[in-house]
Amino acid sequence: DQQVKQNSPSLSVQEGRISILNCDYTNSMFDYFLWYKKYPAEGPTFLISISSIKDKNEDGRFTVFLNKSAKHLSLHIVPSQPGDSAVYFCAASADTGRRALTFGSGTRLQVQP
Amino acid sequence: NAGVTQTPKFQVLKTGQSMTLQCAQDMNHEYMSWYRQDPGMGLRLIHYSVGAGITDQGEVPNGYNVSRSTTEDFPLRLLSAAPSQTSVYFCASSYRGIYGYTFGSGTRLTVV
Chain E
2 DQQVKQNSPS LSVQEGRISI LNCDYTNSMF DYFLWYKKYP AEGPTFLISI
52 SSIKDKNEDG RFTVFLNKSA KHLSLHIVPS QPGDSAVYFC AASADTGRRA
102 LTFGSGTRLQ VQP
Chain F
33 NAGVTQTPKF QVLKTGQSMT LQCAQDMNHE YMSWYRQDPG MGLRLIHYSV
83 GAGITDQGEV PNGYNVSRST TEDFPLRLLS AAPSQTSVYF CASSYRGIYG
133 YTFGSGTRLT VV
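So the sequence lines, in the order shown, correspond to chains E and F. Counted the way the numbering used here counts, the first sequence spans residues 2 to 114. Counted the way the numbering used here counts, the second sequence spans residues 33 to 144.
To be clear, the hints were calculated from the coordinates, so they are not data collected in a lab. Do not take every clue at face value.
[Unchecked claim] Lysine-lysine pairs mimicking DSSO-like chemistry, simulated, CA-CA at most 27 angstroms apart: (1) K57/E x K39/E; (2) K38/E x K72/E; (3) K39/E x K41/F; (4) K39/E x K6/E; (5) K38/E x K41/F; (6) K57/E x K72/E.
[Claimed, not checked] Partner residues aside, some chain E positions facing chain F, computed with beta carbon under 7 angstroms: (7) D32; (8) L35; (9) P41; (10) P45; (11) F47; (12) S50; (13) A95; (14) F104; (15) S106; (16) G107.
All C-beta atoms in this analysis are idealised placements derived from N, C-alpha and C, irrespective of residue type, glycine included.
Take these sequences, add in the hints, and give me the full structure.
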C-alpha cells in the first residue's frame with residue numbers, strides 16, 4: 002500500500018505559466034517532506050523541503066505547500082521553464098532522525114516552449 | 033568534490049550470480065541508503081545506515097546484503113541474482129537527514 006501517492010503520472014504546461022504538482026500521503030506520522038527532480042540517466046536532485054510545523058516554504062521559483070489536515074502537499078513552479086522538464090518525486094519521512102525516505106511514484110513534467 | 037559515486041553504471045548478470053554494487057561518498061555524511069527504482073513505483077528503500085557499523089532494513093531488503101565498515105563506503109551485495117532484481121539502483125547520503133539526501137547517478141542492473 003503506497004503511503005505517498007502522486008496520482009498524476011504526467012503534466013504538461015506552457016513556458017512562463019505555473020506548474021502545480023500534487024502529492025498525497027496516508028501516514029499521519031510523516032513530519033518532513035521533500036521534492037526531488039530527476040532527469041533521465043541521472044540521480045534525483047533535492048529541490049525543496051518542508052517540515053510539518055510549517056505550511057509553506059519558498060525557494061526562488063519553487064514553493065511547497067503543506068496541508069496537514071488533508072494530508073496533501075503541492076509544489077508550485079513559477080514561472081515554468083523548459084529546463085524544468087523532468088520527473089518530480091515527492092518524498093516523506095516519519096522518522097525524527099530522518100534516516101530514510103518514502104517516495105511517491107513521480108510526475109513527469111513537460112514544459113512546452 | 034565528487035559527491036556520491038556509484039559503480040558500475042551498467043551491469044548484466046545471469047540468474048544465480050552474485051555481485052556487489054559500490055557506493056562511496058566524500059562528504060563525511062553519516063547517513064547512507066540504497067534505493068531501487070522500478071517503472072511506476074518510484075524509489076523503494078532497500079537498506080540504510082546511520083553510521084559505520086550500523087545498518088537496518090528498508091521496505092524491500094530480501095535478496096540484498098549491506099555492511100558499513102567505513103563512513104565513506106556502503107556496498108550493496110546481491111547474493112543470488114534473480115530477474116525480479118532487474119532495476120535501477122541508487123545510493124544516497126545525507127548529513128543526519130538534514131538538507132535532504134544527495135543521490136548518485138545510479139546503476140542499471142539487468143538479470144537474465
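For each hint, the structure was consulted:
1. K57/E x K39/E: Roughly 23 angstroms separates the two Cα atoms, so the pair holds.
2. K38/E x K72/E: holds (21 angstroms)
3. K39/E x K41/F: holds (17 angstroms)
4. K39/E x K6/E: The given pair, whose Cα atoms are some 17 angstroms apart, holds under the 27 angstroms limit.
5. K38/E x K41/F: Satisfied, since the Cα-Cα distance of roughly 20 angstroms is no more than 27 angstroms.
6. K57/E x K72/E: holds (14 angstroms)
7. D32: violated (11 angstroms)
8. L35: Because about 5 angstroms separates L35/E from the closest Cβ in chain F, which is inside the 7 angstroms limit, the hint holds.
9. P41: violated (10 angstroms)
10. P45: holds (5 angstroms)
11. F47: This hint holds: F47/E lies near chain F, its Cβ roughly 3 angstroms from the closest one there, short of 7 angstroms.
12. S50: holds (6 angstroms)
13. A95: violated (12 angstroms)
14. F104: holds (4 angstroms)
15. S106: holds (4 angstroms)
16. G107: holds (6 angstroms)
In summary, the numbered hints that this structure violates are 7, 9 and 13.
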